[in-house]
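Residue numbers (numbering that gives the first Met the number 0), protein chains in the order written: chain A, 0 to 381; chain B, 0 to 381; chain C, 0 to 381; chain D, 0 to 381.
The reader is advised that the hints may include incorrect statements.
[Said to hold, decoys possible] Straight line, CA to CA, 25 Å or less: simulated DSS-like cross-link-like pairs of lysine-lysine: (1) C:K201 - B:K185; (2) A:K379 - D:K201; (3) D:K201 - A:K201; (4) C:K98 - C:K201; (5) A:K379 - D:K185; (6) C:K185 - B:K379; (7) C:K98 - B:K379; (8) D:K185 - D:K201; (9) A:K201 - A:K98; (10) C:K185 - B:K201; (11) B:K277 - A:K98; (12) C:K98 - D:K277; (13) A:K277 - B:K379; (14) A:K185 - A:K201; (15) C:K277 - D:K379; (16) D:K379 - A:K185; (17) A:K185 - A:K98; (18) D:K185 - D:K98.
Just so you know, these hints were derived from the structure itself, not from any lab.
Each chain, letter by letter, is given below.
Protein chains: 4
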Amino acid sequence: MSDLLRTRPSSTAAALALFDDAATIGHALAFEAALARAEAAEGLIARDTADTIVSVCASLRIDPAHLAEEATLAGTLAIPLVNRLRAAVGGEAGDAVHKGATSQDVADTVLMLQAKAATELLRNDLDRVCAALYALADRHAATPAIGRTLLQDAMPVGFGLRLAQAAGGIDNAAHRLGAEVSANAKIQFGGAAGTRARLDGKGAAIARRMADDLGLAAGVPWHARRVGVAAIASSLGIVIGALGKLARDVSLLAQNAVGEAREPAITGRGGSSAMAHKRNPTGCQITLSAAIRAPGLVASMLSGLPQEEERGLGGWQAEGPMLADLFLLAAGSAEAMAVVVEGLEIDQTAIARNLAAAGVGADIGESESIVAAILAHHRKSD
Amino acid sequence: MSDLLRTRPSSTAAALALFDDAATIGHALAFEAALARAEAAEGLIARDTADTIVSVCASLRIDPAHLAEEATLAGTLAIPLVNRLRAAVGGEAGDAVHKGATSQDVADTVLMLQAKAATELLRNDLDRVCAALYALADRHAATPAIGRTLLQDAMPVGFGLRLAQAAGGIDNAAHRLGAEVSANAKIQFGGAAGTRARLDGKGAAIARRMADDLGLAAGVPWHARRVGVAAIASSLGIVIGALGKLARDVSLLAQNAVGEAREPAITGRGGSSAMAHKRNPTGCQITLSAAIRAPGLVASMLSGLPQEEERGLGGWQAEGPMLADLFLLAAGSAEAMAVVVEGLEIDQTAIARNLAAAGVGADIGESESIVAAILAHHRKSD
Amino acid sequence: MSDLLRTRPSSTAAALALFDDAATIGHALAFEAALARAEAAEGLIARDTADTIVSVCASLRIDPAHLAEEATLAGTLAIPLVNRLRAAVGGEAGDAVHKGATSQDVADTVLMLQAKAATELLRNDLDRVCAALYALADRHAATPAIGRTLLQDAMPVGFGLRLAQAAGGIDNAAHRLGAEVSANAKIQFGGAAGTRARLDGKGAAIARRMADDLGLAAGVPWHARRVGVAAIASSLGIVIGALGKLARDVSLLAQNAVGEAREPAITGRGGSSAMAHKRNPTGCQITLSAAIRAPGLVASMLSGLPQEEERGLGGWQAEGPMLADLFLLAAGSAEAMAVVVEGLEIDQTAIARNLAAAGVGADIGESESIVAAILAHHRKSD
Amino acid sequence: MSDLLRTRPSSTAAALALFDDAATIGHALAFEAALARAEAAEGLIARDTADTIVSVCASLRIDPAHLAEEATLAGTLAIPLVNRLRAAVGGEAGDAVHKGATSQDVADTVLMLQAKAATELLRNDLDRVCAALYALADRHAATPAIGRTLLQDAMPVGFGLRLAQAAGGIDNAAHRLGAEVSANAKIQFGGAAGTRARLDGKGAAIARRMADDLGLAAGVPWHARRVGVAAIASSLGIVIGALGKLARDVSLLAQNAVGEAREPAITGRGGSSAMAHKRNPTGCQITLSAAIRAPGLVASMLSGLPQEEERGLGGWQAEGPMLADLFLLAAGSAEAMAVVVEGLEIDQTAIARNLAAAGVGADIGESESIVAAILAHHRKSD
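Using the sequences plus the hints, can you model the full thing?
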């Protein structure tokens, strides 16, 4: 059973791969391997027991379809996965698997590993968008164009100011996302009730080792303290909205009656099944669609915050698929808009015609210096 | 690439199958076949041309992965799918494929076919939930229990009243969903700009034939009039919330210190990776998780309503995956709660103990007649 | 302390008056009066006791500011209000006030009375919108105009088809709202734990009398069964979204480069503090703004559905202000769009010019018969 | 017309005062006064003209009701307000009022001034919550209690760990809010199309002066770049959710069958209109109610991000009331939970009894060191 058509065109193959079954199972086994290594280093389990576990984690093949069925019954992925790992390791070493950990430790760590990888992928496309937009903004900073407010012709602007403003929003959103992921993509390791019990007082040390091993931030358990995840989700929602602002503008400028800019012509893209002459703003469509979908996902992430006691019922279990969807939508939008702005066709004749029609002169005020200030801020913050 | 683990345990295999790639492609080809048949019946295309198209629709095999890649570029599934179908039919008959239709006609009709099938599946589980709950409510209508308000012991209630109230909400929500799907799961057939142009004035007749053929309601095109889809989505949100109310109550009653009811013991279900003695309320978890996720999806559906002009940019394209998610969550919750209530363990000793501890007597007022009224309403509306 | 500026321009004075302190206190006292009358009729309290209570309810003056302070401490309006009423009635009759009722009975009944009144107000403006739009649609059904899809020029449409589609969506949404309010604006009367205890078995009869008295539907208590309120809220969200679709189209058509329609010129409306030449689409602004705000309110209403046990903690208390906001936004949007469509300026020259520029001929297909079908459906359902 | 009852008990009088009509008008006049001062300092208008404007701004009395009516027609508060100010100043000095500014400059600056003041108010109560919780956490760090996961008894925890975790989340959320407000509460000054035209190139200098004068951050215009406002809104949503987690826990612990903690007894608070014996968790109710309402508001803020071109239609106009609501809900929740935790009654006997009943020993693992780590992190970040 494949579900690819539901995920496209809103996301990209590269982003989907970061959240697919193979990636999820791989990260879960990486958690168990890191745990075994850390517990051996702290003397909780024998070194060769850890070696065996690590080795089985590296070679174990798990059928996602079977695992999914069992996860449904168990209510969590970790239980059937750990059962398989224990059986594959076997004997006393098998008993040492997952020692001191709980299902949510696995689930949350997997999610954070995926968040980190997806952020890196996403940042690359966001950088592409900003670089292309800033370059265009710089080039067109002094080109007088009619500015539009409340969807009506207003007063002149430098055409590049519009682009610089869009870029500035995306840039700011990208930095916020990066900062939130750096701060909150933490190892989860607390055990059954989040106390790191039965670890001979070595729990904090084990968690630190695991964090280093897996490339995550260290810290105390956060099973029912979900503000970090919520902050990552919100940051993604803001990234998508900032891209949506750009998509809104490009799609408005690309209207036939306006014609100031349009998406690049790409074979197979933006066609119509009924009208051969059309060039649909497909990149903008993907992004505006994401900008409709993302806010609801963020709301649901926030509404899950009041989780019960040590580890909640329903709240954290809801987060995984929603955070994945937010990353997938962000990745799809960023890639789509990178293609759009890297090939954006700007029609200076249309810009001049529309400005003349407005009859409000060509005084673009301080447009150029505002563009320069936005560019300078960008260079400083990078 | 498989994505099963992101969809479980929140949904069921049966529901996922209704929205998978095979189902989507199958419905899209069914649209094209129904269109060809209807256009032949109305004399727009030759009968044997239609026969050829119908026959190819029945036998065509399409690789979802390739189609997904092309759909991403095109921004829609229909363009690459129609291209393949035309190529497979070939010649003049190939030119007759998709005649007078637009991509959105296919996408919306596919979505409505999936909505209809999913509603049927869902109604079956909702009926199970209601039947089991009403039976329990009837049996325990006169059992005095402590009623709780604002999470504090309040005054006595008939234990069955609590169950009848939960059932009544689910029942009402199920009927609303059924009514909205019946009214709004309509054929979409309007062509490029929703005018049914180039069909020799036979557009309405073709649409009626297609609706009959595919088992959908007939009507005028609704490309940018999305209130029907929004109403289906809202109804699903209400179904999930009503199931969530039941899950909330069962999970509160199942707390160790309360112990009035708990989920049935099922091998492999509700275990803990760290605590063998626990019986987690896994069905409630699935449902409460869905009740966190659904409202955001409904919000996003509603925020997409102001779609542009004849066919919008981004709005309707966002709806498909979100409506699918709502159906998937509803199906997962309904199935989970059906299992929970069909095997619900009610502990009369705990009920009596908690009531006695409250020290407010055992006057359950009109609990029995309220339960009877809810049951009577249910029997009448079915 | 007044808060008027936060509520404008998004709503109207008439709608705000339905939800202001005077209205709320008035409805709460009407509840207590209806309760006394019904209990006297059923022999639970003496007739002259009821007369005294009813009389005091009619004359009691309560300072909203003081009541608000006490309501904050109590967590509910009803407790301090009933205390005042009891004190004002005095003696044994005072003890008979609020007999068998609970705070939530008052709060929910007040909310439903406000919902009913606001729906009537709203329906009036929605009818104005539909009537004006259908008339315009009929007049311009055969006027060829360029249809636009994905924000690009596509194929010709009858200009009136666009208006008829917008009207059809609003019409459908208005009917759904009316039906949901009729079905769900119910008396709430259940007492402390929703069992109608201590009423000598007359609870159902008292509730029926109160419903008749107050003009609400009768039924069993629904303290923790909130699907009806959620359905009203969703229906409002759909109404606002349907109005938003109209506002989106008018604002796009009113762009200077398009110019096919624009809002009427009204003194004091749509001006600019910086640009005297502008005519801003202020009615569309109000409506698009509401269409951004409403979906989140609906989501929050749905996320409150899983309320705890007999009467929940936080869920129903959240509903009142949100349902009020939805009605206020709907009323503001409906009134704004009524003004817009009743005075809509349609520029046939611009329509013709834009169509010619598209170069796709003037075949409007079955536009006229689709408009006729939408109009016929409207006439039938009214 | 007063609307106090719709705003209580969810917010506080102090918070409401920050957003009431007097505050809004006061901030708007402060904007105009600061603008006049800055323009005089930069030589754009005469010093005595500025003095006159400043003086009238200080003494002008505006009736909110009249202003609200006119704002509804104009679609914005600024137009009628500036008209009155111009008339009051009169003559040539009147023409100098609002020079180079646009309505949105006023609206956004007012909103940011309110955001700043509300954040300060809020931080005070958040600090109270954290201080009280951390003190309790420290005191009860070593008290063995049963930990609960998925609403089932699980393994022992230090009772203080639960409190420290809740505090840590609130603390983190409070810091994020503070940082976002510091970074994003910026002066808005861009003029009609955001170019600072007709200011002799002094626009940036004027904006800096105004920012200093009003206590806001400086920067380029951000009329259609709303990521900063969205980030403030999200941060508020996270604050409310973090308070909601605490409220969830307190309300669960306060259940009669659990009894480990409960809200303080306060005269007039948490009573019941039907049950004199009850002590309702009113502070938790206020907070859980806010936690239901906030996510939808955040979603709507995010869905407004894709605003059109230089200044959008509907998007930014929607933000003001929603951001105000978020601050009001946050303030109400923070104050409520400050009262709750400062007087929290902890029942050590119940804690011990519940732990014994679970029969899982009393090994609280590293609870104490985790509490210590959370406290140390708090001290460092303050």
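**OP:** Could you work out which earlier hints the structure fails to respect and list their numbers in ascending sequence?
**Re:** Numbers 1, 3, 7, 10, 13, 15 - these are the hints that the structure violates, sorted from lowest upward.
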